[in-house]
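Colleague: In case you want the letters, here they are:
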Amino acid sequence: MLQFNRKSILLFFLFIIASPSFFAQELFPLNEPASTIPKGVLGLRAIGETYREINQFRNQFSLRVMYGVLPRLSVMATVGISNHHDKNFPTNLVSHSHNGNQTTYTTGDFQRGVVYPYRSNGAYLFMKYRFISRDGSHRHFRMAAYAEGAYVQQAHDEAEPNLMGDTKGYGAGLITTCLKNHFAISFTSGFIIPGSYVGLSPDENGGPLIPTKINYGRALTYNLSMGYLLFPQVYKDYDQLNVNIYLELLGKAYEAAQVTQYGNISVPINTPLLEKGNYMDIAPGLQCIIKSNLRIDVSVKLPMINKSYARFYPVFLVGVQRYFYFRRKK
Amino acid sequence: MEIIAFNNVIIEFKSNVKFFQSQFKFVIFTDSMKVSINPIFCIALFSLLFHLTGAAQFKSAVIGVDGLTCSACSFATEKSLLELKSIDSVHMQLEQNTATVFFKAGQKVNMKDVAQKVVDAGFSVRSITAVITIKELTVTPDYCWNYENDTYHFIKLNEVQKLNGDILLTFIGEKYMPPKEFKKWKTYSENRCGSTGAQTPYSQNYNVTIQ
Numbered sequence: 000m001l002q003f004n005r006k007s008i009l010l011f012f013l014f015i016i017a018s019p020s021f022f023a024q025e026l027f028p029l030n031e032p033a034s035t036i037p038k039g040v041l042g043l044r045a046i047g048e049t050y051r052e053i054n055q056f057r058n059q060f061s062l063r064v065m066y067g068v069l070p071r072l073s074v075m076a077t078v079g080i081s082n083h084h085d086k087n088f089p090t091n092l093v094s095h096s097h098n099g100n101q102t103t104y105t106t107g108d109f110q111r112g113v114v115y116p117y118r119s120n121g122a123y124l125f126m127k128y129r130f131i132s133r134d135g136s137h138r139h140f141r142m143a144a145y146a147e148g149a150y151v152q153q154a155h156d157e158a159e160p161n162l163m164g165d166t167k168g169y170g171a172g173l174i175t176t177c178l179k180n181h182f183a184i185s186f187t188s189g190f191i192i193p194g195s196y197v198g199l200s201p202d203e204n205g206g207p208l209i210p211t212k213i214n215y216g217r218a219l220t221y222n223l224s225m226g227y228l229l230f231p232q233v234y235k236d237y238d239q240l241n242v243n244i245y246l247e248l249l250g251k252a253y254e255a256a257q258v259t260q261y262g263n264i265s266v267p268i269n270t271p272l273l274e275k276g277n278y279m280d281i282a283p284g285l286q287c288i289i290k291s292n293l294r295i296d297v298s299v300k301l302p303m304i305n306k307s308y309a310r311f312y313p314v315f316l317v318g319v320q321r322y323f324y325f326r327r328k329k
Numbered sequence: 000m001e002i003i004a005f006n007n008v009i010i011e012f013k014s015n016v017k018f019f020q021s022q023f024k025f026v027i028f029t030d031s032m033k034v035s036i037n038p039i040f041c042i043a044l045f046s047l048l049f050h051l052t053g054a055a056q057f058k059s060a061v062i063g064v065d066g067l068t069c070s071a072c073s074f075a076t077e078k079s080l081l082e083l084k085s086i087d088s089v090h091m092q093l094e095q096n097t098a099t100v101f102f103k104a105g106q107k108v109n110m111k112d113v114a115q116k117v118v119d120a121g122f123s124v125r126s127i128t129a130v131i132t133i134k135e136l137t138v139t140p141d142y143c144w145n146y147e148n149d150t151y152h153f154i155k156l157n158e159v160q161k162l163n164g165d166i167l168l169t170f171i172g173e174k175y176m177p178p179k180e181f182k183k184w185k186t187y188s189e190n191r192c193g194s195t196g197a198q199t200p201y202s203q204n205y206n207v208t209i210q
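These protein sequence lines are chains E and B, in that order.
Counting from 0, one number per residue, gives the positions in the first sequence under numbering that gives the first Met the number 0.
Counting from 0, one number per residue, gives the positions in the second sequence under numbering that gives the first Met the number 0.
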């Protein structure tokens, strides 16, 4: 009887990619490869993410516009909405108690699964510059540097920063992609320097809503993506359906958050949601490419080492992408 | 053979009568003038015109493309090449890593732009071998041929060659081959022209060799 745990998914994938004579593809669902978009080409990507939190679905819908500025330079802008957060922090993110004349503030585990309205995720910008290209027959080795930035105004209530929809901030990193016939592998590593968010924090003991500021933890990210072309075995024409399978490992290590109230009162952290942490998710994915241009990805994120407190698992992701070529005769 | 002037500008050559024979009289008609000229002058003029215009035409080229790994990559490369006015159609072969382009008659071909289009799509040129139709051109080692305002420097030729018909020209240079391959050709491409046609500066300089 087959057991679909994380280890078996990894072993299955390694077994498949050990087979000879297939091409691989580096169009990873959850990570950018070191390759760039062709010059002058416009891309559009619609991304959907959903997971169940207690008794409701947290959804995020994003639209990304991509453009090849130069053969080696691509830029992307993403906007979206989600129902992950409210404008204010959840009740009891920070709670207080009185002891005589002393008031003690503390962070605690707050209620999850609260229904929030859909709010804007602001804007997320990304650019990458390919600075190494070693191309050969059915293979290449490429490296690119990326920089990203986001402006988000959401009452994100975990220490873990996430520039796509949770926290504002900036980041940068390196992407190294290697592809040879039947195997594509890419390593993405970088850092995130998040900003902070100031919102009001309700306390279940009543009283006025307290201005609360969370400085999210800085983070290092380290992702390993692998891809494999299931079929066609031999390319004949553009109309052939391409089916790829992917396996991505997504790692992050982040500092604890700093919570302050009334501008200067530092609140001790007593919940794992706001403490420092690290985790690695495993994300198998399936991709279809129709007529060499329309790309549809489906992935699912599962925890492998520890877990992210910013999501409930499994997290399902869908992406639909198309490039637009403007035929300018020169 | 009669030479008929058309609108005072274009000279149209009629029939294929041999023009080496001195007994033929060549007549040039203009709008209002009828001039009779020396046949030797006409031979010189004819040769010069052929030399300057090249009497040549690029028909097609096979471009070796490195880094192609998927049909979407091929698709992008084809779209990029089709942006050029000089290219009529593109046939990609992903298994062989090649792009065969067919040029439009009468359009000037800039092979530098063709190579750049592959780079614009995100890939590398491994080789370019073009089919060019040439009428009666004699090339010596290091001969520099002036064609359509560009210079084609014939390198690595061991003997004098008389070119007539479809010729396979391979382009040599950093833009037309991987760096390791170019190192082998570096000394050849640095040689100066051994024999040239006209002396005016030209916009592109290509190093080529005959397959």
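If you're looking for bench data, these hints aren't it; they were derived computationally from the structure.
Keep in mind that a hint or two might mislead.
[Claimed, not checked] The calculated SDA-like cross-link candidates involving lysine to any residue, where the alpha carbons are at most 20 Å apart (straight line), are:
#1 Lys235/E / Pro177/B
#2 Lys111/B / Gly39/E
#3 Lys179/E / Gln92/B
#4 Lys179/E / Thr97/B
#5 Lys235/E / Thr97/B
#6 Lys290/E / Glu94/B
#7 Lys103/B / Lys179/B
#8 Lys290/E / Lys174/B
#9 Lys179/E / Tyr227/E
#10 Lys290/E / Lys103/B
#11 Lys179/B / Arg138/E
#12 Lys179/E / Pro177/B
#13 Lys174/B / Ala71/B
#14 Lys212/E / Glu254/E
#15 Lys179/E / Gln95/B
#16 Lys235/E / Glu94/B
#17 Lys235/E / Ala71/B
Model, not experiment: these values are computed from the prediction.
Colleague: For every hint, state whether the structure bears it out.
Modeller: Verification of the supplied hints:
{"no.": "1", "hint": "Lys235/E / Pro177/B", "result": "27 Å, violated"}
{"no.": "2", "hint": "Lys111/B / Gly39/E", "result": "18 Å, holds"}
{"no.": "3", "hint": "Lys179/E / Gln92/B", "result": "18 Å, holds"}
{"no.": "4", "hint": "Lys179/E / Thr97/B", "result": "17 Å, holds"}
{"no.": "5", "hint": "Lys235/E / Thr97/B", "result": "13 Å, holds"}
{"no.": "6", "hint": "Lys290/E / Glu94/B", "result": "17 Å, holds"}
{"no.": "7", "hint": "Lys103/B / Lys179/B", "result": "33 Å, violated"}
{"no.": "8", "hint": "Lys290/E / Lys174/B", "result": "31 Å, violated"}
{"no.": "9", "hint": "Lys179/E / Tyr227/E", "result": "11 Å, holds"}
{"no.": "10", "hint": "Lys290/E / Lys103/B", "result": "27 Å, violated"}
{"no.": "11", "hint": "Lys179/B / Arg138/E", "result": "16 Å, holds"}
{"no.": "12", "hint": "Lys179/E / Pro177/B", "result": "17 Å, holds"}
{"no.": "13", "hint": "Lys174/B / Ala71/B", "result": "23 Å, violated"}
{"no.": "14", "hint": "Lys212/E / Glu254/E", "result": "16 Å, holds"}
{"no.": "15", "hint": "Lys179/E / Gln95/B", "result": "15 Å, holds"}
{"no.": "16", "hint": "Lys235/E / Glu94/B", "result": "9 Å, holds"}
{"no.": "17", "hint": "Lys235/E / Ala71/B", "result": "13 Å, holds"}
In summary, the structure is inconsistent with hints 1, 7, 8, 10, 13 from the numbered list given earlier, while agreeing with the others.
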